[in-house]
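*Asks:* Protein chains in written order, with my numbering: chain V, 5 to 133; chain L, 5 to 133.
If you are wondering where the hints come from, they were derived from the structure by calculation, not from laboratory data. Check before you lean on any hint, since a few could be wrong.
[As the list claims (entries may be wrong)] Straight line, CA to CA, 20 angstroms or less: simulated PhoX-like cross-link-like pairs of lysine-lysine:
#, chain 1, residue 1, chain 2, residue 2
1, V, K94, L, K60
2, V, K94, L, K94
3, L, K60, V, K109
[What the hints assert, rightly or not] Which bits of chain L does chain V cover? Going by a derived footprint, with three or more residues having C-beta under 8 angstroms, they are:
#, segment
4, 96 to 109
5, 124 to 130
Quick reminder that beta carbons are idealized off the backbone N, C-alpha and C, glycines included.
Protein chains: 2
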Amino acid sequence: MPPHSQDATGAELSILQVLWDDGPTSVRTLTDVLYPGGSKVHYATVKKLLERLESKGYVQRDRSESSHLFQAAIAREDLIGERLRLMAEKLCDGSLAPLLMHLVKSQRLTKSERQSLRSLIDDIDGRPK
Amino acid sequence: MPPHSQDATGAELSILQVLWDDGPTSVRTLTDVLYPGGSKVHYATVKKLLERLESKGYVQRDRSESSHLFQAAIAREDLIGERLRLMAEKLCDGSLAPLLMHLVKSQRLTKSERQSLRSLIDDIDGRPK
DNA sequence: GACAGGTAAGACAACCTGTCTTACTTTGGT
DNA sequence: ACCAAAGTAAGACAGGTTGTCTTACCTGTC
């Protein structure tokens, strides 16, 4: 779990989304997905964003082929965790509990969501660390 | 609940923290809290940040006295909600459920936290919309 | 009137972000 | 072997953001 001193920006995030969905992908493919009918200008943009993502530690590059393949170096779930933690630091003195409480209270949970949430807690209860 | 097209930045947030804790406050007091022993330069900085917070809708100003009083226009709780929603849009296609699940799973909840969480869900269950 | 303290408005450098350019290298077809 | 297509590498760039700082003006009180 790298430090990730720098956050992924908006455009970088849209690249991560594709990598999460499609797995290892070439610059060409990414460009076609994100900028349909895109020219070589967009190709360069995607490439630059991938470079930055790599230097920030969000993406890994496979250089074994002449045309490199890129894949996410962090799972969506883990990025969510990072951002929640960051948000807790900035807004709640580092504690995640207020975020949790807010979500449970504010969100209109469906019956099945409540059910799976309850069983999730039961799981934790049943497996005492 | 204003739109808040622009997010509150780091320095702005530290001002909001004081406003949340202390209620309506003058520029002078805020400066003393945030920049102890601060000169008139820091005073101006705080003032500028308050201006921006006001124009973004995060702060309300009481101009009735010659020295204005500022107070938060949004509760800490509501800002948390806004940011969670924003994060859900960027990372989870708008759904808050993944954030909730992540928090429940990842956080080491104490027994009493689990208990209060369970009863919170029971509350919602018992009061069917 | 001078002055202490406030308001108003904007300049400024440093940085971030997305885009785009330019130059070099590799690959594959003929 | 040559050449065009496609890749890589590196960096310039404009526009915006952010925190800081400056400068000018207003308003009370002694």
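*Asks:* Hint by hint, where does the structure go against what was stated? Just the numbers, ascending.
*Replies:* 3
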